[in-house]
Amino acid sequence: MSTAVSDRPPASAPQDSEGSGPPTSRARQLLSGVVRALLTQRIVLLLVLLVAVVITMTTLSARNYLSAPYDLSYMSATLISAVPLVMLGLAELLVITSGRGGIDLSVGAIVSLVSMVFGFAYGEWGWPLWAAIVLAAAVGGLCGAVNGFLIAFIGYPALITTLATYYAYSSLAVVINNQQPISTQPIQDFFSAAGTVPVAGLQVPLGTITFLLPTAVVIWLLLNRTTYGRRLYAIGTNDVAAQWSGIDVRRTRFLAYTAAGIISGLVAVVTVAQFASARPDAGVAGNGMALPAITIAVLGGVAITGGIGRVAGVVLATLLIVWLNAGILLAVPGNAGSQFQLFALGIVLIFAALLNGLTQRKYGGTG
Amino acid sequence: MSSQTLSPAGGPPAAEQKHTAKERGRVLPFPITGQEIVLILVIAVLWAALAVSTPAFLTSSSVVPLLVAMAPVALIGIGMTVIIITGGIDVSVASIVMVCAVIVAKTMVSSGIPLPVAVLLSVVIGGLLGLINGVLIAYGRVHAIIITFGTANLFKFLGLQIFGGTTVDNIPGTLDFFGRGAAGRTLGIPHSFLIMLVIAALAWYYLRHTAGGRHLYAIGNDADAARLAGVKVQRRVLLAYVLTGALTGLAACFVIARGTSTLAPNVGAGMELAAIAAVVIGGTSIMGGRGSVLGTILGALLVQTVTSGVTQLGWRSQLSSLFIGIFILIAVGADLLRQRTRRTA
Numbered sequence: 064m065s066t067a068v069s070d071r072p073p074a075s076a077p078q079d080s081e082g083s084g085p086p087t088s089r090a091r092q093l094l095s096g097v098v099r100a101l102l103t104q105r106i107v108l109l110l111v112l113l114v115a116v117v118i119t120m121t122t123l124s125a126r127n128y129l130s131a132p133y134d135l136s137y138m139s140a141t142l143i144s145a146v147p148l149v150m151l152g153l154a155e156l157l158v159i160t161s162g163r164g165g166i167d168l169s170v171g172a173i174v175s176l177v178s179m180v181f182g183f184a185y186g187e188w189g190w191p192l193w194a195a196i197v198l199a200a201a202v203g204g205l206c207g208a209v210n211g212f213l214i215a216f217i218g219y220p221a222l223i224t225t226l227a228t229y230y231a232y233s234s235l236a237v238v239i240n241n242q243q244p245i246s247t248q249p250i251q252d253f254f255s256a257a258g259t260v261p262v263a264g265l266q267v268p269l270g271t272i273t274f275l276l277p278t279a280v281v282i283w284l285l286l287n288r289t290t291y292g293r294r295l296y297a298i299g300t301n302d303v304a305a306q307w308s309g310i311d312v313r314r315t316r317f318l319a320y321t322a323a324g325i326i327s328g329l330v331a332v333v334t335v336a337q338f339a340s341a342r343p344d345a346g347v348a349g350n351g352m353a354l355p356a357i358t359i360a361v362l363g364g365v366a367i368t369g370g371i372g373r374v375a376g377v378v379l380a381t382l383l384i385v386w387l388n389a390g391i392l393l394a395v396p397g398n399a400g401s402q403f404q405l406f407a408l409g410i411v412l413i414f415a416a417l418l419n420g421l422t423q424r425k426y427g428g429t430g
Numbered sequence: 161m162s163s164q165t166l167s168p169a170g171g172p173p174a175a176e177q178k179h180t181a182k183e184r185g186r187v188l189p190f191p192i193t194g195q196e197i198v199l200i201l202v203i204a205v206l207w208a209a210l211a212v213s214t215p216a217f218l219t220s221s222s223v224v225p226l227l228v229a230m231a232p233v234a235l236i237g238i239g240m241t242v243i244i245i246t247g248g249i250d251v252s253v254a255s256i257v258m259v260c261a262v263i264v265a266k267t268m269v270s271s272g273i274p275l276p277v278a279v280l281l282s283v284v285i286g287g288l289l290g291l292i293n294g295v296l297i298a299y300g301r302v303h304a305i306i307i308t309f310g311t312a313n314l315f316k317f318l319g320l321q322i323f324g325g326t327t328v329d330n331i332p333g334t335l336d337f338f339g340r341g342a343a344g345r346t347l348g349i350p351h352s353f354l355i356m357l358v359i360a361a362l363a364w365y366y367l368r369h370t371a372g373g374r375h376l377y378a379i380g381n382d383a384d385a386a387r388l389a390g391v392k393v394q395r396r397v398l399l400a401y402v403l404t405g406a407l408t409g410l411a412a413c414f415v416i417a418r419g420t421s422t423l424a425p426n427v428g429a430g431m432e433l434a435a436i437a438a439v440v441i442g443g444t445s446i447m448g449g450r451g452s453v454l455g456t457i458l459g460a461l462l463v464q465t466v467t468s469g470v471t472q473l474g475w476r477s478q479l480s481s482l483f484i485g486i487f488i489l490i491a492v493g494a495d496l497l498r499q500r501t502r503r504t505a
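Going line by line, the protein sequences match chains A and B.
In terms of this note's numbering, the first sequence opens at residue 64 and continues consecutively.
In terms of this note's numbering, the second sequence opens at residue 161 and continues consecutively.
Read the hints as simulated data drawn from the structure, not as lab findings.
Careful, some of the hints might be misleading.
[Stated by the list, open to error] Residues from chain A shown here face chain B by an in silico Cβ test under 8 Å; the list is partial:
(1) 226
(2) 233
(3) 240
(4) 354
(5) 358
(6) 361
(7) 392
(8) 393
(9) 395
(10) 402
(11) 405
(12) 413
Glycine is no exception: its CB is placed at the ideal position from the N, C-alpha and C atoms.
The whole structure should be built from the sequences, with the hints applied where relevant.
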């Protein structure tokens, strides 16, 4: 924000390589080109880090430093924890990209509340599955619309609004069923939705195909192939300019928060399947779900100032975190493993944020 | 705030007074804002309603725990006010409470240090952790919320490592001076509350009447302009985070004292949100540049009143967070409305 001001030099013009001098300077040019690609193309950096993590872990595994083999089947099994992360990371991508301090702290609370609603519909009232999922998305969308209405139409700061609704939604989630989880027979049977299916000889978690892939594809199409996507990037980059060029800034921003709510509602369905129970603290227990989601988005190259962010960055950042965490669990046995995951998440977030700042000053932003 | 809106007074001596008030009013805003007056009224109404509906509310056995419970949140809120005035935020304070509390508790159990050493230890550790935040934010030039989300994880990791998977038991009563028992009161008023008030008064004076305090407001309004006007922006920002860390360290001592002789790893959980809620309800603008310590104290008192009131009325305790959420929205909404009318006026 205001403290992050810098004496940023204007983005350096692309170096013209017509005057290719002696071989040494050409080698230096190549090196600076690689550094530049690593810093400005977040996807390149993430791919390099991802390969580094996987190679390190498989090497450790081959030398028996780990408590279980770190191989392809383990890596595909751990994708189950990538499902909520990618989806909520994409939700944060939408709201952060919408600009003007956009952020959503309430996604975890929405997950909790919608988990309970879904639990009632599918577990208690005996609704068919598709109707219960539609209801979950609708209630999630409604929660997101409340955020969006306050932020876009009334002008509340996003951080405070979503902090307040975080309180409100998580309180409602606990009160709605007297603190009790719902785990009736249909909900317990719904655990099968968290099973695996064979894809190309590997057991891949079902959730990646039924929820993760469709969400990622839809958001990618929305951002890159529709006018709405162009408008979202426009209002995030400069909402005054967007207003003057005839974009309905309020409506565009409102829809971003609503979409984030819908995605959170779908994540609730995934979580109910994973736990085989609709829990009132599903999205806020422990560290909550909002913090990892924001971390993923920032690591994936989403600029906290808005207007910049890509789906591929979020997906790659999630894979990096999930496979790193999976390795940590094998390297550090027991309770300490989850503590080291906190450590890794914190270090990676600060590293990514410092890198974003450096890139911004040196090259004028990530691509 | 213009002099015309002041009530025209009668005699000539009053007119002279009006003149000086006008002169002073140009430099500093009125010491109490409309939002703070409204807060005082709301708290008074709530206390009256609670006193009528539950006769036990206005007895010392109910008010003392309330004041003891609000003291740490208000203390952290004072630091958070300073940070938010500069345009930043600190979501790592809950983890700082955890680290300070576990180190102090473990040291008290193992070597029985006296009270002043325990407090000093906690304040120094808190200040060091705040220094890490401050250096990363002021010199790394990254948005405060991202950095403090990251350090919140790191500090939590540190705290959990020191806890070592179990609780800290049999903590000696060294810190009872801050507790809710008889040792923690003078003339019936809890010490932790009194200490919080003294620090709040110091912070109020610093923010309002010293150049350093006014610089913080300048940074929050426009950091670039402040730098061009000669304010050492990075040093001031760094100082704000160190100060908050140190206050959080002191708050950790209050937290140990207000509990039992056992410390569990979930100590401090949720305090960052409670502190931010108190600051925002108190009328400090999250965009920076505006706010006061008095509002934060009132905000913390309101939050604690709601929490205690919900329990005493026999309602489900989680309902209190619903009310806190609604109070935040009302407070920020009132602030937005005031800004809008000021701009159009």
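List in ascending order the numbers of the hints, as given earlier, that are violated by the structure. 3, 7, 8, 9
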